[in-house]
Amino acid sequence: MALSDILDKIKEETDSKMREINEQHEAKLSAIEADFKEKKEVAKTEMDEQVTVNSKKILNKMETVAKMEAKNKLLKEKRELLDSVFAEALDSIVNSGEYKNIITNLLKSSNIEGNVVVVPAAGKENETSSALSASGKSYKMANESAGIRGGFILKSDKMEIDNSFESILYKQLRDDLELDIAKKLFN
Numbered sequence: 551m552a553l554s555d556i557l558d559k560i561k562e563e564t565d566s567k568m569r570e571i572n573e574q575h576e577a578k579l580s581a582i583e584a585d586f587k588e589k590k591e592v593a594k595t596e597m598d599e600q601v602t603v604n605s606k607k608i609l610n611k612m613e614t615v616a617k618m619e620a621k622n623k624l625l626k627e628k629r630e631l632l633d634s635v636f637a638e639a640l641d642s643i644v645n646s647g648e649y650k651n652i653i654t655n656l657l658k659s660s661n662i663e664g665n666v667v668v669v670p671a672a673g674k675e676n677e678t679s680s681a682l683s684a685s686g687k688s689y690k691m692a693n694e695s696a697g698i699r700g701g702f703i704l705k706s707d708k709m710e711i712d713n714s715f716e717s718i719l720y721k722q723l724r725d726d727l728e729l730d731i732a733k734k735l736f737n
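Here the sequence shown stands for residues 551 to 737, numbered as in the numbering used here.
Note that these hints are calculated values from the structure, not bench results. You may find that some hints are simply not true.
[Said to hold, decoys possible] Cross-link-like lysine-lysine pairs, in silico, DSS-like; alpha carbons within 25 angstroms at most: (1) 650 - 587; (2) 658 - 721; (3) 567 - 578; (4) 621 - 733; (5) 628 - 617; (6) 567 - 628; (7) 658 - 628.
Go ahead and model the full structure; you've got the sequences and the hints to work with.
This is the structure:
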């Protein structure tokens with residue numbers, strides 16, 4: 551066998567081996583690309599599903615927040631309406647033609663004994679003095695008035711009782727009356 555035949559044979563075997571390696575390489579490359587494409591599709595599907603789930607969660611949360619804000623706004627408006635009802639009730643009592651009778655009855659119902667001073671509401675000194683006389687109590691009128699809209703404050707050596715209309719209406723009666731008033735206003 552001549553040298554050229556040997557070289558041709560080596561070249562043939564080399565070419566054959568190169569084709570085989572290239573085919574294996576192409577097959578592996580195709581498999582990798584197919585695997586990558588499949589994983590890419592799976593990842594895209596998972597991401598799309600996650601985006602959908604997250605979007606629904608965000609929308610639900612936004613809806614819940616919007617409902618809570620609307621509910622809070624409604625509650626605030628109801629609270630403001632109730633406040634206005636109580637403010638109007640206070641105005642009505644303070645400016646009532648029955649003011650003296652109300653003060654008289656409050657003074658009659660007080661059980662404080664001893665050296666007691668009646669501190670009237672500012673601007674209501676005459677009505678309070680007249681009510682004190684009508685009550686039959688031996689209390690004395692104070693020289694000053696209190697910064698209250700109506701009613702009075704009783705002061706003795708041992709205690710002080712706030713009979714201001716604000717205190718009676720807002721602190722004593724509001725809790726009892728508020729539920730009934732709310733039912734009438736909002737139902």
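Check the structure against each numbered hint from earlier and tell me which ones fail, lowest number first.
Failing hints, ascending: 1, 6, 7.
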